[in-house]
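**Q** With the hints as extra help, turn the sequences into a complete structure.
Take 3 as the starting number for the sequence shown in the numbering used here and just add one per residue.
Think of the hints as simulated: they come from the structure by calculation, not from any bench. This one's a predicted model, so the numbers in the text were calculated from it and none came from an experiment. Don't take each hint at face value.
Claimed, not checked - Calculated pairs, DSS-like style, for lysine-lysine (alpha carbon to alpha carbon, straight line, at most 25 Å): (1) 100 with 21; (2) 90 with 100; (3) 153 with 122; (4) 153 with 90; (5) 90 with 54; (6) 21 with 169; (7) 122 with 54; (8) 114 with 153; (9) 114 with 21; (10) 169 with 122.
Said to hold, decoys possible - DEER-style ranges, computed between Cβ atoms: (11) 135 with 53: 29 to 39 Å; (12) 100 with 50: 33 to 43 Å; (13) 47 with 88: 17 to 27 Å.
Note that CB positions come from ideal geometry on N, CA and C, so glycine has one too.
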Amino acid sequence: VEGYLAGNCLNSDYRVVMKSIPEVIVASMQVHMDSYEDLFECMPTMGSEMEKAGCECAIPEYCFTIYYDEEYRESDIHAEICEAITEKPEDTELVQFKVLPAVDMVACVLHKGPYYTLPKAYEAIVQFIEESGYEIVGYQRESYIDGIWNKDTEDEWLTEIQFPVRKI
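**A** Printed below as a string of structure tokens:
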């Protein structure tokens with residue numbers, strides 16, 4: 003978190019940090035959702051499927067969603083839910099297991115609070131990318147650090163937004 007405090011700041015609420023993301027083995031489930039709230043229904047289904055396959059989650063935990071739509075959408079959302087695991091078992095009917103390659107440069111911002119306020123963080127990171135001479139070169143990820151599973155209130159939830167970028 004210290005890197006975020008010393009990172010680039012375009013407004014007082016969010017600080018952008020540049021970093022790389024290592025290669026990761028994931029359990030993955032493609033979803034088409036009517037709304038972002040559907041994630042709360044999809045994730046337990048994926049967890050049950052992972053349990054049946056005998057998956058062991060990697061430490062530190064890395065649970066994230068990749069969004070494949072070119073722009074923000076309120077409905078008909080295409081996404082992939084991913085959870086880092088220690089080894090790759092056989093695919094199931096609902097969950098695939100694969101290796102995601104490393105990403106050399108990612109612009110990241112931490113968002114503390116409920117998911118419905120995430121658009122503020124997205125606005126800050128996209129503004130930083132555009133004004134700092136970068137371009138987006140892949141799909142963004144939302145990494146869920148703290149949430150309903152380990153915090154008492156939505157105000158304590160912590161999400162990292164990650165955009166793959168390159169310098170123009």
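**Q** Each of the hints needs a verdict: does it hold here or not?
**A** Taking the hints in turn, this is what the structure says about them:
1. 100 with 21: The given pair, whose Cα atoms are some 22 Å apart, holds under the 25 Å limit.
2. 90 with 100: Answer holds: residue 90 to residue 100 is near 7 Å, not above 25 Å.
3. 153 with 122: 21 Å, holds
4. 153 with 90: Measuring from Cα to Cα gives roughly 30 Å; hence the hint is violated.
5. 90 with 54: 13 Å, holds
6. 21 with 169: 13 Å, holds
7. 122 with 54: Cα-Cα ~38 Å, so violated.
8. 114 with 153: Judged against 25 Å, a Cα distance of about 12 Å means the pair holds.
9. 114 with 21: 19 Å, holds
10. 169 with 122: Between residue 169 and residue 122 the Cα gap is close to 23 Å, so the pair holds against 25 Å.
11. 135 with 53: 29 to 39 Å: Violated, at about 45 Å.
12. 100 with 50: 33 to 43 Å: 19 Å, violated
13. 47 with 88: 17 to 27 Å: 21 Å, holds
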